[in-house]
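K.L.:
One-letter residues, chain by chain:
4 protein chains.
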Amino acid sequence: MSSSFNGGVKFSLFGESHGKGIGVVIDNLPAGEQLNVEKIGEFMARRAPKKDGTSTMRSEKDIPDILSGIYEGKTTGTPLAAVIFNQDQHSADYGNISHIARPAHADHTGFLRYNGANDPRGGGHFSGRITAPLCFAGAVCGQILSSRGITTGAHILSIKGVRDDVFDPVSVTANQLETVKKRLFPTISENAEAKMREVIASARESLDSVGGVVECAAVGFPAGVGSPMLDGLENIISRLVFAIPAVKGIEFGNGFECADLFGSENNDEFAIKDGKIVTKTNNHGGILGGISSGMPIVFRAAFKPTPSISRPQNSVDFKTMTEEELVIKGRHDPCVVPRAVPCVEAALNIALLSALLENPSIPEV
Amino acid sequence: MSSSFNGGVKFSLFGESHGKGIGVVIDNLPAGEQLNVEKIGEFMARRAPKKDGTSTMRSEKDIPDILSGIYEGKTTGTPLAAVIFNQDQHSADYGNISHIARPAHADHTGFLRYNGANDPRGGGHFSGRITAPLCFAGAVCGQILSSRGITTGAHILSIKGVRDDVFDPVSVTANQLETVKKRLFPTISENAEAKMREVIASARESLDSVGGVVECAAVGFPAGVGSPMLDGLENIISRLVFAIPAVKGIEFGNGFECADLFGSENNDEFAIKDGKIVTKTNNHGGILGGISSGMPIVFRAAFKPTPSISRPQNSVDFKTMTEEELVIKGRHDPCVVPRAVPCVEAALNIALLSALLENPSIPEV
Amino acid sequence: MSSSFNGGVKFSLFGESHGKGIGVVIDNLPAGEQLNVEKIGEFMARRAPKKDGTSTMRSEKDIPDILSGIYEGKTTGTPLAAVIFNQDQHSADYGNISHIARPAHADHTGFLRYNGANDPRGGGHFSGRITAPLCFAGAVCGQILSSRGITTGAHILSIKGVRDDVFDPVSVTANQLETVKKRLFPTISENAEAKMREVIASARESLDSVGGVVECAAVGFPAGVGSPMLDGLENIISRLVFAIPAVKGIEFGNGFECADLFGSENNDEFAIKDGKIVTKTNNHGGILGGISSGMPIVFRAAFKPTPSISRPQNSVDFKTMTEEELVIKGRHDPCVVPRAVPCVEAALNIALLSALLENPSIPEV
Amino acid sequence: MSSSFNGGVKFSLFGESHGKGIGVVIDNLPAGEQLNVEKIGEFMARRAPKKDGTSTMRSEKDIPDILSGIYEGKTTGTPLAAVIFNQDQHSADYGNISHIARPAHADHTGFLRYNGANDPRGGGHFSGRITAPLCFAGAVCGQILSSRGITTGAHILSIKGVRDDVFDPVSVTANQLETVKKRLFPTISENAEAKMREVIASARESLDSVGGVVECAAVGFPAGVGSPMLDGLENIISRLVFAIPAVKGIEFGNGFECADLFGSENNDEFAIKDGKIVTKTNNHGGILGGISSGMPIVFRAAFKPTPSISRPQNSVDFKTMTEEELVIKGRHDPCVVPRAVPCVEAALNIALLSALLENPSIPEV
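So the sequence lines, in the order shown, correspond to chains E, X, U and S.
Number 21 in our numbering belongs to position 7 of the first sequence; there are no gaps in the numbering.
Number 248 in our numbering belongs to position 234 of the second sequence; there are no gaps in the numbering.
Number 265 in our numbering belongs to position 251 of the third sequence; there are no gaps in the numbering.
Number 321 in our numbering belongs to position 307 of the fourth sequence; there are no gaps in the numbering.
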């Protein structure tokens with residue numbers, strides 16, 4: 015029951031939406047890894063709210079203050095801690111703490127879980143803001159992966175049914191991943207972007223919100239990393255991805271589609287290409303028996319529509335136990351998916367570095 | 015990188031398909047819990063191969079030998095270990111260990127991961143057989159949940175597109191769960207059963223296999239259990255469900271469907287019913303912010319078609335690095351889904367008991 | 015391999031002696047616990063350097079900045095993070111990073127462990143400064159214990175052979191523990207204090223240092239908490255106490271002395287007193303089979319003399335691999351023991367709260 | 015709160031003294047390590063009761079049945095499980111379960127901890143018998159260490175004040191360790207053996223028992239392995255050593271003696287010898303900052319006298335809450351120390367392999 019993860023990489027997240035600061039301590043990183051702090055900032059900026067109408071108007075600068083773990087530009091190998099001090103909090107918006115549960119939020123479940131003692135302002139520790147330190151950790155892990163020739167990337171696969179192109183699970187390249195993730199609105203197809211922006215704008219205008227799907231991939235990840243049973247890549251990635259609020263589903267490779275196929279259709283035949291073992295198709299999403307096959311790792315995560323909508327909703331005041339109408343004020347994203355893209359990528363980065371570090375090889379004596 | 019789990023409940027799985035024995039050590043169970051060993055056997059029998067053409071003809075009696083942790087019919091509170099000795103191994107079928115990778119199996123990834131030292135016979139530790147001790151652990155946890163009024167159950171939601179009815183996410187009852195899970199072929203609709211049996215029979219005849227989806231639910235689970243971020247119910251359940259070989263996707267509540275909805279459609283409004291806070295709909299699947307809401311917990315897991323099919327397949331000998339045609343011999347399930355139903359339920363049982371035990375309440379001094 | 019602990023209480027320490035900040039994230043604390051921030055400060059002040067000649071002249075204000083986890087004066091139940099920003103760093107003292115290993119320090123072992131990438135300034139993460147956030151965590155846990163009637167305390171048992179009185183292992187009281195820990199120089203006997211101060215002063219004058227033993231106890235801790243084997247109270251306490259640099263030994267109850275006794279002398283006979291089961295003697299130190307007996311918990315930790323002494327020492331430059339004479343500059347404690355007293359107490363506080371929280375009781379449904 | 019350990023090596027112990035079987039699952043072992051099962055048996059035989067009057071007359075054959083994790087003589091890399099079926103149980107000796115707490119045993123604390131549901135026969139899971147699977151795990155880890163040139167060994171340093179010679183902390187050799195551990199009564203000095211045997215015989219005759227100290231060492235362990243703070247070698251070793259019932263203290267290097275020294279006496283000066291950095295003395299016991307220095311690792315553990323003595327003792331019936339005289343029947347070791355020697359070594363073996371495996375090196379991609 016905690017906000018920490020103890021794999022090959024260990025990290026501990028902290029902070030509440032309207033508290034003094036949020037952050038993360040990352041432990042067990044390899045020593046001597048060159049980190050580019052500016053690029054960490056660029057990664058985190060991908061998660062920051064945009065001024066293009068797709069997200070909240072809150073300005074979250076989210077500049078992380080690195081307190082330890084880096085010396086002369088490199089990881090020390092001892093814990094790396096980063097803090098983001100909260101600034102633009104507008105607590106007036108949340109002035110009188112309401113006990114009317116916001117539908118699809120954790121107000122009521124959190125109240126029960128913590129006997130009413132949790133910080134309720136802006137969702138407290140349940141806030142999507144805690145994905146900022148998650149992205150910090152993901153950016154750090156991503157740079158270490160990158161220095162080993164491993165590239166990860168994600169894009170918006172769909173928003174309320176409007177679909178982008180897909181990553182080709184066999185031939186997606188590092189370049190494609192790098193290209194799409196640099197886009198302000200990360201889709202492969204510009205046409206899809208335009209339509210998605212329309213859907214989002216329309217939802218915002220009607221005081222509503224929309225959900226979507228993020229597709230994420232890794233290339234260059236070596237074959238033979240991971241484990242069967244409890245610590246396979248799917249186990250770790252899914253555990254980390256569900257740390258992102260609003261995720262309700264995850265699938266690897268062809269995912270739920272495999273349930274409708276014959277084995278003869280779904281099985282990926284092996285072949286030799288350029289002296290390496292590959293599969294001709296990649297329905298398995300680069301993972302067999304929890305272990306990487308050397309093919310691109312591909313998965314998708316489903317995000318529900320932003321729970322906070324400005325329309326009146328029926329609800330319950332869980333202190334007075336009376337039914338009440340609720341109108342949520344404040345600034346909210348009409349769609350969290352664009353900002354969720356780097357979060358999913360961060361989860362993957364952490365999972366992959368973690369798995370690499372857990373390979374139990376005994377160093378030479 | 016391990017086959018162990020360290021939540022509120024801790025367990026460590028072991029064994030290889032054709033080794034001497036498989037089993038599990040479960041640690042941290044509450045003391046003094048009455049266990050019905052016969053009912054554990056019934057739970058495990060649901061996973062055993064059936065003689066009705068839907069599964070392998072191997073007879074896996076799988077009678078667990080409980081070595082510790084139970085005294086006078088109750089849990090001692092110290093580790094509970096159970097072993098299933100392998101008997102019907104037919105290692106002749108696997109006589110000359112082939113290094114031709116079976117498509118969609120972990121032969122090659124396992125070989126790489128363990129530098130060729132893993133037990134290759136029948137998949138070794140990657141075998142579906144290791145779900146037998148998982149079911150044992152799930153049966154134990156299920157009985158403890160049951161004594162607290164918590165009921166879990168699962169059914170085959172679909173097999174290659176043929177769909178069963180669904181659990182009503184708002185009103186599914188303990189009775190319905192108990193009823194469906196006692197069925198030899200666990201579907202809600204007998205009509206669906208008939209059609210699914212046809213699909214499986216037809217796949218078997220054409221030396222092929224089929225996949226499907228399992229839907230699983232819990233009722234009676236108290237609200238307020240779980241955690242935000244890394245140890246939420248979705249994180250734990252998904253980590254455990256992905257321990258079952260062949261799972262390629264998981265979704266909670268309305269899952270991937272939520273990605274196509276407006277917030278105003280997807281949000282579950284709160285209401286008061288019989289003096290308790292409920293939601294009118296249950297798109298959230300009983301989990302908000304990683305914490306139980308008191309509504310039924312509902313999720314689905316997608317299973318790929320059995321990788322082992324008797325049709326010739328193209329593959330690669332990973333020792334000689336040559337492309338080879340592969341014909342898999344031996345007896346295999348044309349569809350793992352019926353036998354996977356109790357496995358999914360087991361994963362849920364472990365996750366729920368684990369979450370209950372992790373609620374950090376300080377005992378009275 | 016990490017600076018984190020994952021028991022009932024989880025925490026992750028970070029920071030380097032001369033980095034930007036040091037701190038701790040504490041996870042899994044029970045929600046709704048009243049915390050007195052001022053008293054946390056008082057606890058930490060006991061660890062701060064004194065101006066009385068017994069410690070370094072560095073002024074470490076060590077005022078912790080609490081970033082999360084407290085709301086309206088109470089624990090939220092979500093992670094509690096605290097940072098101490100480094101101020102008085104005098105990095106000039108460490109200007110040219112020397113690669114001459116300081117005897118009894120971790121300069122060389124740390125260099126090897128982190129491939130030369132760790133922060134060497136002032137010992138980096140190996141510095142005794144990291145016990146400041148340990149004390150913070152211990153102070154927090156101590157307040158929660160205190161609200162349940164559990165009191166812990168420690169004193170200097172000896173410094174270079176000069177001995178204080180001992181806690182009576184059977185009858186030590188909360189009052190005695192509270193009294194001794196409030197003393198500037200925490201001994202039971204004022205006479206012992208005077209002699210110890212002389213020993214320390216004399217060591218400082220001769221550019222030398224001295225070691226000592228800290229004795230620590232808890233009263234009011236309920237019987238029946240802990241576990242056999244790996245997570246017993248002795249296992250946890252010792253693991254935590256060895257996190258304090260300079261500890262080289264730990265013993266519980268009569269400790270090493272028991273090795274010289276007959277069973278008939280060492281066994282603590284049971285009796286009934288005021289309706290409760292007690293032991294007439296307390297050689298077992300309040301722990302039997304890893305579990306609390308209800309008697310006072312008593313243990314001792316041995317501290318080596320401060321490694322940093324100003325006398326010339328023979329050593330080796332591990333970069334050039336040449337033997338060199340070393341003269342350590344800077345300000346150093348002639349004896350760490352007085353400042354170590356609250357650190358040992360902190361380790362005990364964390365261990366005891368952790369054990370209390372791990373009792374696997376299922377909450378009522 | 016568990017009988018499992020989750021370091022680089024993971025293991026889970028199970029079993030009760032008079033249950034069906036005891037054993038261990040070891041996870042995360044490197045794959046492809048040659049294991050000599052006969053030598054594992056020899057290791058365990060060192061822990062078995064001797065017929066020479068120093069131990070109980072129970073015959074514990076303790077032949078482990080390896081169920082998984084070894085294939086063609088080598089570790090598979092997947093979990094290795096071993097079971098020892100209990101045979102010679104003489105439950106008649108324990109026929110009517112007494113609720114009179116045996117002094118210095120965990121009868122009462124265990125009863126409280128498990129609400130009276132734990133298996134009380136012969137101490138249940140608290141029994142010293144559970145050190146048999148600990149020795150199995152230690153023997154396995156020891157062979158893997160051995161193949162890397164690392165040798166560990168232990169001897170009886172003292173029994174009730176009768177002292178053996180000590181390992182020279184600077185120059186102890188692998189040969190010396192191998193020699194002493196092969197002795198039936200593992201002392202360095204035959205003279206000491208004779209005197210210790212007398213002390214034990216005399217205790218047995220007077221229906222009493224005696225305690226002692228075990229000294230343990232490792233040579234060949236590479237420098238630079240371990241960590242500061244919570245996962246240092248001292249933290250891990252002590253946590254594992256306290257899993258052995260009857261241990262009441264542990265000290266590294268010169269241990270408690272360091273508390274009486276000046277820094278100038280205690281500091282181990284560095285020098286270069288044969289091109290390697292060494293220390294001239296080894297008060298630090300081969301560990302600085304939690305990390306190995308390359309010098310021999312040396313520590314000592316204190317064992318209390320066997321609690322079970324045949325003399326009448328005063329005690330309490332914790333069910334009836336009345337004071338009662340207790341006379342313990344059955345066969346008991348007058349001194350556990352000779353049989354504890356391989357247990358301490360086993361704890362060290364597990365700790366060292368665990369630390370080696372946790373060095374977070376990223377494999378080449």
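Careful, some of the hints might be misleading.
Identical chains share a label here; the pair holds if one copy fits it or two copies do between them.
[What the hints assert, rightly or not] Below, computed lysine to aspartate or glutamate pairings styled on DMTMM-like, alpha-carbon distance capped at 25 Å: (1) K333 to E86; (2) K196 to E86; (3) K343 to E56; (4) K195 to D274; (5) K34 to E56; (6) K88 to E283; (7) K88 to D288; (8) K333 to E212; (9) K64 to E337; (10) K34 to E52; (11) K34 to E279; (12) K34 to D79; (13) K287 to E219; (14) K290 to E212; (15) K290 to E338; (16) K294 to E52; (17) K333 to D179; (18) K64 to E283.
No lab work stands behind these hints: they were computed from the structure.
K.L.:
Now, for every hint given, state plainly whether the structure supports it.
P.N.:
Taking the hints in turn, this is what the structure says about them:
1. Proximity of K333 to E86 under the C-alpha cut-off of 25 Å is restricted to the inter-copy arrangement: shortest distance 18 Å between copies versus 53 Å within a copy.
2. When the C-alpha separation of K196 and E86 is checked against a cutoff of 25 Å, the pair qualifies neither within a copy, at 28 Å, nor between copies, at 42 Å.
3. In this assembly of identical chains, K343 and E56 lie within 25 Å of each other by CA distance neither inside one copy nor across copies; the values are 30 Å within and 42 Å between.
4. For the identical chains of this complex, K195 and D274 are inter-copy neighbours only, at 23 Å across copies versus 32 Å inside a copy, given an alpha-carbon limit of 25 Å.
5. In this assembly of identical chains, K34 and E56 lie within 25 Å of each other by CA distance both inside one copy and across copies; the values are 23 Å within and 22 Å between.
6. In this assembly of identical chains, K88 and E283 lie within 25 Å of each other by CA distance neither inside one copy nor across copies; the values are 42 Å within and 31 Å between.
7. Proximity of K88 to D288 under the C-alpha cut-off of 25 Å is found in neither arrangement, the shortest distances being 36 Å within a copy and 33 Å between copies.
8. Taking CA atoms no more than 25 Å apart as the test, K333 paired with E212 passes in neither setting, with 40 Å inside one copy and 54 Å between copies.
9. Proximity of K64 and E337 under a CA criterion of 25 Å is satisfied in neither setting, with 36 Å inside one chain copy and 51 Å between copies.
10. Taking the shortest Cα distances, K34 and E52 sit within 25 Å of each other both inside one copy (24 Å) and across copies (18 Å).
11. For a Cα distance limit of 25 Å, the shortest separation of K34 from E279 qualifies neither inside one copy, at 54 Å, nor across copies, at 35 Å.
12. Taking the shortest Cα distances, K34 and D79 sit within 25 Å of each other both inside one copy (13 Å) and across copies (9 Å).
13. Taking the shortest Cα distances, K287 and E219 never come within 25 Å of each other, neither inside one copy (52 Å) nor across copies (34 Å).
14. In this assembly of identical chains, K290 and E212 lie within 25 Å of each other by CA distance neither inside one copy nor across copies; the values are 45 Å within and 40 Å between.
15. Taking CA atoms no more than 25 Å apart as the test, K290 paired with E338 passes between copies only; the shortest distance there is 15 Å, against 63 Å inside one copy.
16. For the identical chains of this complex, K294 and E52 are neighbours neither inside a copy (39 Å) nor across copies (47 Å), given an alpha-carbon limit of 25 Å.
17. For the identical chains of this complex, K333 and D179 are neighbours neither inside a copy (47 Å) nor across copies (38 Å), given an alpha-carbon limit of 25 Å.
18. Taking the shortest alpha-carbon separations for K64 and E283, neither the intra-copy value of 44 Å nor the inter-copy value of 29 Å comes in at or below 25 Å.
Going through the hint list in order, the structure does not satisfy hints 2, 3, 6, 7, 8, 9, 11, 13, 14, 16, 17 and 18.
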